[in-house]
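Each protein sequence line maps, in turn, to chains A and B. Residues 1 to 469 (the numbering used here) make up the first sequence, in order. Residues 470 to 652 (the numbering used here) make up the second sequence, in order.
Hint data in this document are derived by calculation from the structure and do not stem from the laboratory. This one's a predicted model, so the numbers in the text were calculated from it and none came from an experiment. In this text, a Cβ means the ideal position worked out from N, Cα and C, and glycines have one as well. Honestly, I wouldn't trust all of these hints.
[Claimed, not checked] Computed footprint of chain A on chain B, listed as stretches where at least three residues anywhere in the stretch have a Cβ under 8 Å from a Cβ of chain A:
no.: 1; segment: 575-582
no.: 2; segment: 610-620
[Unchecked claim] Calculated cross-link-like contacts (lysine-lysine; reagent style DSS-like; alpha-carbon spacing at most 30 Å):
no.: 3; chain 1: A; residue 1: K153; chain 2: B; residue 2: K627
no.: 4; chain 1: A; residue 1: K168; chain 2: B; residue 2: K627
no.: 5; chain 1: B; residue 1: K583; chain 2: B; residue 2: K573
no.: 6; chain 1: B; residue 1: K556; chain 2: B; residue 2: K583
no.: 7; chain 1: B; residue 1: K556; chain 2: A; residue 2: K153
no.: 8; chain 1: B; residue 1: K627; chain 2: B; residue 2: K640
no.: 9; chain 1: A; residue 1: K153; chain 2: B; residue 2: K640
no.: 10; chain 1: A; residue 1: K168; chain 2: B; residue 2: K573
no.: 11; chain 1: B; residue 1: K583; chain 2: A; residue 2: K158
no.: 12; chain 1: A; residue 1: K168; chain 2: A; residue 2: K153
no.: 13; chain 1: A; residue 1: K153; chain 2: B; residue 2: K583
no.: 14; chain 1: B; residue 1: K533; chain 2: B; residue 2: K640
no.: 15; chain 1: B; residue 1: K583; chain 2: B; residue 2: K571
no.: 16; chain 1: A; residue 1: K158; chain 2: B; residue 2: K573
no.: 17; chain 1: B; residue 1: K556; chain 2: B; residue 2: K640
no.: 18; chain 1: A; residue 1: K158; chain 2: A; residue 2: K168
no.: 19; chain 1: B; residue 1: K640; chain 2: B; residue 2: K583
no.: 20; chain 1: B; residue 1: K571; chain 2: B; residue 2: K556
no.: 21; chain 1: B; residue 1: K640; chain 2: A; residue 2: K168
no.: 22; chain 1: B; residue 1: K640; chain 2: B; residue 2: K573
no.: 23; chain 1: B; residue 1: K556; chain 2: B; residue 2: K573
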Amino acid sequence: MRSAVYMLQQRAGVAALKVVVLQQGGRTTCVWRTGDAPARCLDTWNKPWARRGQLQASGVRWYTSKASSSITPKRTYKAVSRERIGPDHSRILPASASVLTSSTEPLQGNSRQETDHNKPTTIAEDGVPATGVDDVDADPEVLPPNQLWREQKLDLSKLLGYYMKLSKIRLTGLVVISAVGGYYMAPGSHDFSTFLLAMTGTGLTSCAANTINQVFEVPFDSQMDRTRNRVLVRGLLSPLHAVGFAAVAGSTGTLLLYNWVNPLTAALGVGNLALYTLLYTPMKRMSIANTWVGSLVGAIPPLMGWAACTGQLEAGAWVVAGILYSWQFPHFNALSWRLRPDYSRAGYCMMSVTNPNLCRRVALRHCLLITSVCSLAPLTNLTTWAFAFNSLPLNLYFTYLGWKFYEDANNQSARRLFMASLWHLPTLLLCMFICKKSLHDKDKQDNIKVFTDFLVGFHPFPVLPFHRL
Amino acid sequence: MMIRTFCTGRNAYAAAMKARPAGRRKVKAKASVPGLAAQPPPQSQMAHDWIGPADPSSNLRPIKFRVSAGESSAEERLRQLRAETQKWNQAFWSDHNQQFNKEKADFIRTWLEKEDFNSVRTDGSKRMPPAEDMSEFYRTFLTEHQPSQLQYQREWYKRNLYIIYLSFRVKMSRLVSRALMRR
Numbered sequence: 001m002r003s004a005v006y007m008l009q010q011r012a013g014v015a016a017l018k019v020v021v022l023q024q025g026g027r028t029t030c031v032w033r034t035g036d037a038p039a040r041c042l043d044t045w046n047k048p049w050a051r052r053g054q055l056q057a058s059g060v061r062w063y064t065s066k067a068s069s070s071i072t073p074k075r076t077y078k079a080v081s082r083e084r085i086g087p088d089h090s091r092i093l094p095a096s097a098s099v100l101t102s103s104t105e106p107l108q109g110n111s112r113q114e115t116d117h118n119k120p121t122t123i124a125e126d127g128v129p130a131t132g133v134d135d136v137d138a139d140p141e142v143l144p145p146n147q148l149w150r151e152q153k154l155d156l157s158k159l160l161g162y163y164m165k166l167s168k169i170r171l172t173g174l175v176v177i178s179a180v181g182g183y184y185m186a187p188g189s190h191d192f193s194t195f196l197l198a199m200t201g202t203g204l205t206s207c208a209a210n211t212i213n214q215v216f217e218v219p220f221d222s223q224m225d226r227t228r229n230r231v232l233v234r235g236l237l238s239p240l241h242a243v244g245f246a247a248v249a250g251s252t253g254t255l256l257l258y259n260w261v262n263p264l265t266a267a268l269g270v271g272n273l274a275l276y277t278l279l280y281t282p283m284k285r286m287s288i289a290n291t292w293v294g295s296l297v298g299a300i301p302p303l304m305g306w307a308a309c310t311g312q313l314e315a316g317a318w319v320v321a322g323i324l325y326s327w328q329f330p331h332f333n334a335l336s337w338r339l340r341p342d343y344s345r346a347g348y349c350m351m352s353v354t355n356p357n358l359c360r361r362v363a364l365r366h367c368l369l370i371t372s373v374c375s376l377a378p379l380t381n382l383t384t385w386a387f388a389f390n391s392l393p394l395n396l397y398f399t400y401l402g403w404k405f406y407e408d409a410n411n412q413s414a415r416r417l418f419m420a421s422l423w424h425l426p427t428l429l430l431c432m433f434i435c436k437k438s439l440h441d442k443d444k445q446d447n448i449k450v451f452t453d454f455l456v457g458f459h460p461f462p463v464l465p466f467h468r469l
Numbered sequence: 470m471m472i473r474t475f476c477t478g479r480n481a482y483a484a485a486m487k488a489r490p491a492g493r494r495k496v497k498a499k500a501s502v503p504g505l506a507a508q509p510p511p512q513s514q515m516a517h518d519w520i521g522p523a524d525p526s527s528n529l530r531p532i533k534f535r536v537s538a539g540e541s542s543a544e545e546r547l548r549q550l551r552a553e554t555q556k557w558n559q560a561f562w563s564d565h566n567q568q569f570n571k572e573k574a575d576f577i578r579t580w581l582e583k584e585d586f587n588s589v590r591t592d593g594s595k596r597m598p599p600a601e602d603m604s605e606f607y608r609t610f611l612t613e614h615q616p617s618q619l620q621y622q623r624e625w626y627k628r629n630l631y632i633i634y635l636s637f638r639v640k641m642s643r644l645v646s647r648a649l650m651r652r
């Protein structure tokens, strides 16, 4: 696309955006959006070859915005009009990237773009004109794919993608990472095959839990922007197929854990699955206590990892689980703050809707809890005292953001707390790994050292001198 | 000015192109994308169920069910249950969303009345209540409608479980009959 100021109209005809496209060095780089949000690159424009599922017809090209996080929906737009801009971009771009003008200010030079909102003329990119979507006889060439009727025939080539979306693969990955954390921190002997089996089992049970959750939430997911493009909402798989996938994944994972790892780990896995599908999912609509149940669900994977290593749950396991339990509150409360309208309409009982003060209090309370637990973790022989000091700045910054959220809860403070929680946990876990007690014990070197050497052997970077820490 | 003439010219061109004789039209891209259409085909041409775009009032996607020729009673029961559940869901959510919009409009109107009918800001955009006031509305709406939501949820879980159970039985019977036919 050439450098220009484009007027985009959203698919449903609700919103119109003014968008500035810059071309630098022959490549479309960034797209700025005037209005409320920060500048965001529109995915399809940067990578036209990745235009999946879009019609290459002689019609309107539909562009999908890249969702910057899982809580922002993808929007579909069509270009309505275009104004060329000269080499002098400064009169259009604001001084700083993050400061944007309000959407009611017309762009300099041409205020006629504001006038024809009711009857947009659609201009296709390759120069062939098209009919507009306001026509009574909707021409299938110009409708975007999600306004068409689709045959419910299973597309086998996309099956793996559907399974990954059903199992919320990114969330499952984070669950497995927390289980890895639990396994690594455990003071038992580390065996790579057991480790692999334990993590696979944990991942499979997590896939099963997420799938069952999605099967029962179809009508509620259709109401909310964030979730309305899920696999079952769009009818890409039948509910029976999804349940079958969950049954296979769940049973395989549990059997794996029972046979080759540990009965305790298997029991924890099944318990977590039951807690999530049978208690948390229905409870989301019954009472705000669901947040506490959900935090418990998030705290069990490290216990599973720890049990996979040592076969029992020592004090250190509860410390790691406690940190993860407390972390869920600022993470989820900040996320749910911005989704209050959607939760209210879809009927979900969340603290942010029914009791906003409690929501902020609980988030701050658990930020402080994380700080105190991390400072006292060395007492359980989990880590050295270096951890208490290393984690303090991290936790204090996190608590500071929690305090800001408590003091003045708005979309901005909620977003900052949520984004911080995303890197706070991995960094804290990394700190914990480095300060693990057994690493620094003089007499317990062999087993841990073998495992650490094995892990470090994969590392492309120079080996950190663990013995020097 | 150039944009307006540009657009008018484009529209005139579009009208002229549409008025061309049919034989010279480009092949519709739709033909190369099977399984997508603006409307579902008639029952006789349907090989599978068709799922449509989200209904604007209920946000649910309607499914047009395929009535196959040699349908067993179990399959017919399943289809009827799915169709009936779909209708029930549609009725509930369209009514619920309508109530939400109405109550939200009422709330905003009362808020504006408290603010001396000053509904238009100086720069031309409409005034809306700030987030803290809106959160009051969201809270009252949720608590008011919670009993009906709980009742809906109970009913939905029962129906969904029964649909999954019936589709499992139908699938099994189809597999068995196909295995028997192969023999």
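So which hints don't hold here, by number, going up?
Violated hints (numbers, rising): 1, 6, 10, 11, 13, 16, 19 and 22; every other hint is consistent with the structure.
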